[in-house]
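What follows is the residue order along each chain.
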Amino acid sequence: MTLLHFEILSAALFCLGLYGVLARRSAVLILMAIELMLNAVNINLVAFAAYGSPEPSTGMVIAIFVITIAAAEVALALGIILRLFRERSSINVDEIDLMRG
Amino acid sequence: MTLPAFYIIATVVVMAAAGVVITRNIVYAALFLLVALGGVAGTFVLLFAEFLALVQVLIYGGAIIIVILFAIMLTRQREFHLTTEHRQWPLAAVASVGLFVLLAAAYLSDADTFNTNIRSGISVEELGTALFTTWAVPFEIASLVLLIALIGAIVISRTGDRDEA
Amino acid sequence: MIGMEQAWLIPVYSFAAFVLIAMVGRYLPGKGVYISIIAILAGFVTFWFVLADLFDRSLPDTFGEWHFMLEWFTTGDLTVAWGIVVDPLSVTMLGLVTFVALAVQVYSLAYMKGDSRIDAYFAYHALFAASMLTLVLADNLLLLYVAWELVGLCSYLLIGFWWERRSAAEAAKKAFVTTRIGDVGLLIGILILVTSTGTFDIGEILQRVTDPAPGEELRNAAIWGSAVLIFLGAVGKSAQFPLHVWLPDAMAGPTPVSALIHAATMVVAGVFLVARLFPLFEEVPNVTLLIASVGLLTALMGAGMALVSTDLKRILAYSTMSHLGFMLLALGAGGFTAAIFHLVAHGVAKAMLFLTAGSVMHAMDNETDIRKMGGLRHKMPITTAAFAIGALALAGVPPLSAFFSKDEILLAVQEGLNPVFLVFFLVAALLSALYMARALRLVFFGPLSQETEHAHESPSLMTVPLIVLGLVTLVLGFVALPLGGGFEGIGHFLFVEHVHNFEFHAVWAPVGIVLALGGFVTGWVLYAGPVERVDRIRKRFSPLHQLLVNKFYLDDLYQWGIDQVALRAARIVAVFDRLVVNDGGVNGFGGTVVNAGNRFRYLVTGKLYNYGIGIVIGVIFVALALWTRTL
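Chains as they are written, first to last, in this note's numbering: chain U, -5 to 95; chain W, 55 to 219; chain L, 57 to 687.
Careful: at least some of the hints might be erroneous.
One side of the interface only, derived from the structure: several residues of chain U facing chain L at Cβ under 10 Å [as the list claims (entries may be wrong)]: (1) Leu12; (2) Val15; (3) Arg18; (4) Ile24; (5) Ile56; (6) Val60; (7) Arg77; (8) Val87; (9) Glu89; (10) Asp91; (11) Arg94.
FYI, nobody ran anything at the bench for these hints, they're computed from the structure. For clarity, every value in this text was computed on a predicted model and none was experimentally measured. Glycine included, C-beta positions come from ideal geometry on N, C-alpha and C.
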């Protein structure tokens, strides 16, 4: 298997996640899709680290950071979702349009 | 030898991911996510990044999924909506597919420049050294971010009135 | 020591007065009117110094010209400068303008007394004086044109001074628009000259026209075209046919204004212009013939209309028109000296006549219909004497000033033009005697009418200027003659190319005298006699009479032209402007933007996933664009 395989896999995963972000109605579902995208990026990073990057540790370290930040982000996002749910008893992103023109 | 392994794992990941974004049942979606994340850990193993696979399973599978499940539990709506997608989903599908095609085409056109020799991975020791020397500052900042996220999450989601217990 | 270098101060005094009165006039006691009078008095005094200096520096028998110039800026090859020229022509005009303006302003103190906007009145007078003085001193065409326009503006302001009256407002508009037609011609003519010669300087232009260096000659069309167009400007400003229609209406303004602007100064600007550029006109004899013809025609028309008019000021206005025609006739015949001399003599006399008319109106509660007047000599002796002197002078009776100038014109016409001109000139001269006699007889002599019973002589501020002007009219004529002390007569002072001695021609001079005296006596007798006699004559010449009374129907013709042609075209343009430019263009652009905005606002749904997809689509396109670029 070559780098190309991993790249295609990463692209597919990313696009699936993207679809989820753009098409899902519930905030939690969108969050899950975001996690997918982040993981796709991680695969990309580690693949390049493994296949001929002059500094393999760089790719992996960054992947670690991505995981870290993803975790932090999930925590915050869920806090927001809970707050949102408390205010409106719904987490339907369709209804969040106070900024409409 | 590893090629069939790759295909199996890749299929699992993709199908699980598809499940996440397609299924109507939110709990199924969370479970599909778990499988997908596990599959990604498998991919890391194939790339000789075992430590990372470990970290992946621990953090994602162990913590994040749990948090998501809690969130699902706490934000149950009366009737979970009749549709989980909204009206723009065909357009989203087209956009996603389009992006995928674009990316794939870009990769394929450059495929001959890709390196085909895989490294046999680096040791944990090396990773740790890199993390604490070259990447020391980002490491500190990352920990700071975690702290802030923690505090932030608490602040955002706490109830205003303490008196009503 | 004050000399001709200080000549530029003369207009500047008045201009400073204008600015001062305009800014602080209303706060001063007496409303600042004295500032203007002091300025013009200073100008008058300075004039004498300049005149003396001119004589001092000139050789006997040759009066040179001196230029004083301050360069302002240069663009390309063209230099714009503030320049004055001191030569006999400009100095003569300086004297006339300052003298008459001084007299009129002093007179106005009494005439306009009590008017609430008297500060504005004197401010306009000051501005007018400044502009007119600049005009006569200007040594380059640009400055001259600017002054020309300013003079026209002041005329508009002063004619329409009592703008509450409809007739005055309309008259001011009419004056401005009619002279504008001439002004356009003047501007184009100036531009032709400037682009052909590359300079604004009058001296240089005339040099290039008359005596060009080889390879620098102007095209014939340029000389001819500019001459005709500049003359058009003169036609407008000097109320010659066919642009004369504004002058009678301009009488709606205050009478001192008529005296100054529409008798002695502004209207002569056209004559002055032709005189100033005389060498140019001499190059194109066809144009001088045109000038003479227009002048003569106007002279006849004016005299005819004056004869039948019943409004005192209008009689004087038509008379002015007629005499301006004489001046242009003289210029067309080549009589430079004659024309300018008559300009000065007529200016003084006509100003005086207008001031007397003002006195009469003042005494008769602003009545101007001469049929209601009569026997005023019993009530207003000084005014009567002044009018009599003026009337006799303009009729050409010796030894008054205008006799000398008319005689000069006669000689010039006789020498320089076809005998036909001479014949008609004599007819016009006869008519001018006739109508002056008529006016004098009907207004001042005869029995006292009902309205004149209550008349009284004017205050001294009004009569003194009359007396002074009258004295000048009496003696001015003698400057034509060699008076000793090195002064050889006006022909040696004002001339073009060669000096000119005053001739008492054996044949034509007596002819002129006979016509003048005879005409005057005839008119007197005619109007002193029973009314039926005049009525019979009127009935016999009824069609001609109708023509004259209706001003040759020209006003109606012009009005028709304006209504049918100009206003129709204007309406079309207005519709175009409203629909295409305004609704389509200005509002259209705005409306389009607003409409587009209204459509686009639906894009801002407020929902993030919509924005997200926009981003993604955008990214796809940008990536595609960048990628295909490198392929």
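Do the hints match the structure? See the list:
{"no.": "1", "hint": "Leu12", "result": "holds (7 Å)"}
{"no.": "2", "hint": "Val15", "result": "holds (6 Å)"}
{"no.": "3", "hint": "Arg18", "result": "holds (8 Å)"}
{"no.": "4", "hint": "Ile24", "result": "holds (8 Å)"}
{"no.": "5", "hint": "Ile56", "result": "violated (22 Å)"}
{"no.": "6", "hint": "Val60", "result": "violated (20 Å)"}
{"no.": "7", "hint": "Arg77", "result": "violated (16 Å)"}
{"no.": "8", "hint": "Val87", "result": "holds (6 Å)"}
{"no.": "9", "hint": "Glu89", "result": "holds (9 Å)"}
{"no.": "10", "hint": "Asp91", "result": "holds (3 Å)"}
{"no.": "11", "hint": "Arg94", "result": "holds (3 Å)"}
Checked against the numbered hints above, the structure breaks hints 5, 6, 7 and satisfies the rest.
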